[in-house]
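**Student:** Take a look at the letters that make up each chain.
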Amino acid sequence: MNILTGNDLKTGDVVWWTGEAWSRHVSDAAEMGETAPDVMAREIAARAVSDCYLVDAERTADGILPAHIKEKIRATGPTVRPDLKLAPADPAAGNWVI
Amino acid sequence: MYKYDTYDQQMVDTRVAEFRDQVERRLAGKLTEDQFKPLRLMNGLYLQLHAYMLRVAVPYGTLNSEQMRMLAHIARKYDRDYGHFTTRQNIQYNWIKLEDAPDILADLATVEMHAIQTSGNCIRNISSDQYAGAAADEVVDPRPYAELLRQWSSFHPEFSFLPRKFKFAVIAADEDRAAMRLHDIGIQIVKNDAGEIGARYYAGGGMGRTPMIAPLIRDFVPIAELIGYAEAILRVYNRYGRRDNKYKARIKILVHEMGAEQFIAEVEEEYKHIEGLNLDAPAAELERIVAHFADPAFADGLSDEIDRSDPDFAVWLDQNTHPHKQPGYAIAVISLKPTGGIPGDASSAQIDLMADLAEQYSFDELRVTHAQNIVLPHVKKADLYAIWQTLDAAGLATPNLDLISDIIACPGLDYCSLANARSIPVAQKIAKRFADIDRQKELGELKLKISGCINACGHHHAGHIGILGVDRKGTENYQLLLGGSGAEDVSLAKITGPGFDEDGIIDAVEKVTDVYLGAREEGERFVDTYRRVGIDPFKEALYG
Amino acid sequence: MADILRFRDDEAHEEPAVTLDAFLDQSNATAVRLEDGEDARKLIPYLDRLALIEIGFSAFGDGRGYSAARILREHGYTGELRAQGDVLIDQIAFMRRCGFDSLAPEKPLDPADAENALARWDAVYQKAADDRQPIWAKRHA
Chain E
1 MNILTGNDLK TGDVVWWTGE AWSRHVSDAA EMGETAPDVM AREIAARAVS DCYLVDAERT
61 ADGILPAHIK EKIRATGPTV RPDLKLAPAD PAAGNWVI
Chain Z
1 MYKYDTYDQQ MVDTRVAEFR DQVERRLAGK LTEDQFKPLR LMNGLYLQLH AYMLRVAVPY
61 GTLNSEQMRM LAHIARKYDR DYGHFTTRQN IQYNWIKLED APDILADLAT VEMHAIQTSG
121 NCIRNISSDQ YAGAAADEVV DPRPYAELLR QWSSFHPEFS FLPRKFKFAV IAADEDRAAM
181 RLHDIGIQIV KNDAGEIGAR YYAGGGMGRT PMIAPLIRDF VPIAELIGYA EAILRVYNRY
241 GRRDNKYKAR IKILVHEMGA EQFIAEVEEE YKHIEGLNLD APAAELERIV AHFADPAFAD
301 GLSDEIDRSD PDFAVWLDQN THPHKQPGYA IAVISLKPTG GIPGDASSAQ IDLMADLAEQ
361 YSFDELRVTH AQNIVLPHVK KADLYAIWQT LDAAGLATPN LDLISDIIAC PGLDYCSLAN
421 ARSIPVAQKI AKRFADIDRQ KELGELKLKI SGCINACGHH HAGHIGILGV DRKGTENYQL
481 LLGGSGAEDV SLAKITGPGF DEDGIIDAVE KVTDVYLGAR EEGERFVDTY RRVGIDPFKE
541 ALYG
Chain V
1 MADILRFRDD EAHEEPAVTL DAFLDQSNAT AVRLEDGEDA RKLIPYLDRL ALIEIGFSAF
61 GDGRGYSAAR ILREHGYTGE LRAQGDVLID QIAFMRRCGF DSLAPEKPLD PADAENALAR
121 WDAVYQKAAD DRQPIWAKRH A
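Residue numbers (this note's numbering), protein chains in the order written: chain E, 1 to 98; chain Z, 1 to 544; chain V, 1 to 141.
Don't take each hint at face value.
To be verified - EDC-like cross-link-like pairs, simulated, lysine to aspartate or glutamate; straight-line CA separation at most 20 Å:
1) V:K138 x Z:D8
2) Z:K30 x V:D90
3) Z:K325 x Z:D137
4) V:K138 x Z:D13
5) Z:K30 x V:E115
6) Z:K30 x E:E43
7) Z:K30 x V:D113
8) Z:K511 x Z:D501
9) Z:K97 x E:E43
10) Z:K37 x V:D113
11) E:K10 x Z:D103
What the hints assert, rightly or not - Which bits of chain Z does chain V cover? Going by a derived footprint, with three or more residues having C-beta under 8 Å, they are:
12) 11–23
13) 33–44
14) 238–247
15) 274–282
What the hints contain is simulated information worked out from the structure, not anything from laboratory work.
Given the structure is predicted, the values throughout are model-derived calculations rather than measurements.
Glycine included, C-beta positions come from ideal geometry on N, C-alpha and C.
Please model the complete structure; the sequences and the hints are all you need to start from.
**Tutor:** Set out below in structure tokens:
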């Protein structure tokens, strides 16, 4: 699937397009289909995100998994600081990164 | 160290106001991201893998306890309670919000700090020798010259839209502790036969994708012409540096493609013209700056005796201190490379602790090294034991200066959007494999440097052992290089062969250290043995 | 094209600017335009008869025009020196320091923003093509 990601303009948070809004959780991401160019142009013009781009991903039992390791790390947080991961209380979060 | 006068303070305050205005205009839609990006970069603000990253300048790696405490405050108030010291003597924060950035710069300005030109296609932080003003081998303290260059290069109207970034290093000793030859401009301050001070200018060095050693441009530029000569080089670069390809845009490519001889001719031609413009400040300005770098009030007649009865202290003493020019004093190096830790990272509590130590024991001064450690430059030998005890309790006393676990590592794919592979886990695993300090001492001086991509921010080209992380069909892969050096024996490391996976590279490092131990002669470091026997015995051990 | 911001007292030059190549061929043009990367030094023999030199900025990140401008001023050019093209608010103060005395931005500049940008810096660290005294000169006046 193709999902859309960007960085919140004001905070820099990594965000994923849900179909209606931006979420910090990759598992909320929606399949973009044909809608990507319009959404991207609109959200950049609205200054919600500094920029955004499409990412290859797949739906798995654990949620949505970006295909490339860089996007996996972007979705969960630095692998060397488990306490800074997006879900620090969840010891299993991001196990599938490596 | 340098203290701002009202002019300097006004300049940083104005810069904060300017950036605040630029952020407002960005958020109001008056600037697109493309238009805003160079502006925020010129204030040190990157958009990285997880968030905005702010790179705060530590000019020539020198700061005091008040500034250090502000760095800790910023980590606590605006970030996630830690900072990362970099290979250009700066500090980075990884979790910054754009909307906070102007306030952070305002806070920094209250202690004479800033993030001016720590990124962007402009002249960056001027780096220097971390032992400046303390080591016995320097001709003069290089930092006043770095300060002169810092002011000249700040908000320079002609050189703010260069083809690419531009990095200076300034040293004043024959021993090169700042990797000077691997900079866009490297300057060695020297004295000629008449005892006059001048600048030996090198240009066209760099690491990155195509590493090059800077050739000599002019052997002796009288110090009164330091700035004019720099202008000549920058103007030649600004006019002729390539702008068609981001990866061929550094001055090293220009020097290489023109040839050093022709490049020098261009610079000298330009300088003939610039010389008449009187761009250099009068001698009185240099004297004013030099006065800020006068020796602190060293005590005389102190003993060089140290009680070595605590064996752990003795190990640290032998490895992590460096001779000082003043009898009874030493230079102490605080390792930010604990076994299994993240190279160069320090928590806000550790930063505060180092500030306290500097204030109490080091005439209120600290240095950041390009190897991502911290220096207390002026400590009484009599105080070393107390300092060590405090450091040890805080996890800052790893006695590994210049040993294999004193690894330089870029943030890598854990943090950096440019990276292809993670570097920090590799550093951690190597440090753990070689955790035994006796084993490390047996190996001796071994500078290991890891980069997570070919931009080489981890300086892997200058490693005795260098590791380059690459993306091999979506998987992290690591190439091993040998024989580089960023010191005065400068050389570029050579790749051994096909890369290894994350476990394989740790084994590979161990294999090459075994080859060294088997082949070395009396007094040889790893890099010396490599230079004598060549790469083949190492390749044999790695690939059979 | 948007309005020209001009910082000169004299009358605007009427004659259109010719290309550098055309200028070097002709003997009577008084206005010339340099593109990014064209060598300003080629104009040095003709500076006293030029009334207008326009320097194009095809992209604001291409900083070659700043060097071209300074070189022309350093060699004694006193006519109008115009920055044309991708000229944005955050570059105009640098442009003035390099000797530009008129700005012809492709997209109009907000006048209030432009005024703020030009008035922002009370002091400067280095000598350039303007007559502003650098801080080091003020320190030792």
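**Student:** Evaluate each hint against the coordinates.
**Tutor:** Hint check results:
no.: 1; hint: V:K138 x Z:D8; verdict: holds (12 Å)
no.: 2; hint: Z:K30 x V:D90; verdict: holds (12 Å)
no.: 3; hint: Z:K325 x Z:D137; verdict: holds (8 Å)
no.: 4; hint: V:K138 x Z:D13; verdict: holds (19 Å)
no.: 5; hint: Z:K30 x V:E115; verdict: holds (15 Å)
no.: 6; hint: Z:K30 x E:E43; verdict: holds (16 Å)
no.: 7; hint: Z:K30 x V:D113; verdict: holds (10 Å)
no.: 8; hint: Z:K511 x Z:D501; verdict: holds (15 Å)
no.: 9; hint: Z:K97 x E:E43; verdict: holds (19 Å)
no.: 10; hint: Z:K37 x V:D113; verdict: holds (18 Å)
no.: 11; hint: E:K10 x Z:D103; verdict: holds (14 Å)
no.: 12; hint: 11–23; verdict: holds (count 6)
no.: 13; hint: 33–44; verdict: holds (count 3)
no.: 14; hint: 238–247; verdict: holds (count 3)
no.: 15; hint: 274–282; verdict: holds (count 5)
The structure shown violates none of the earlier numbered hints.
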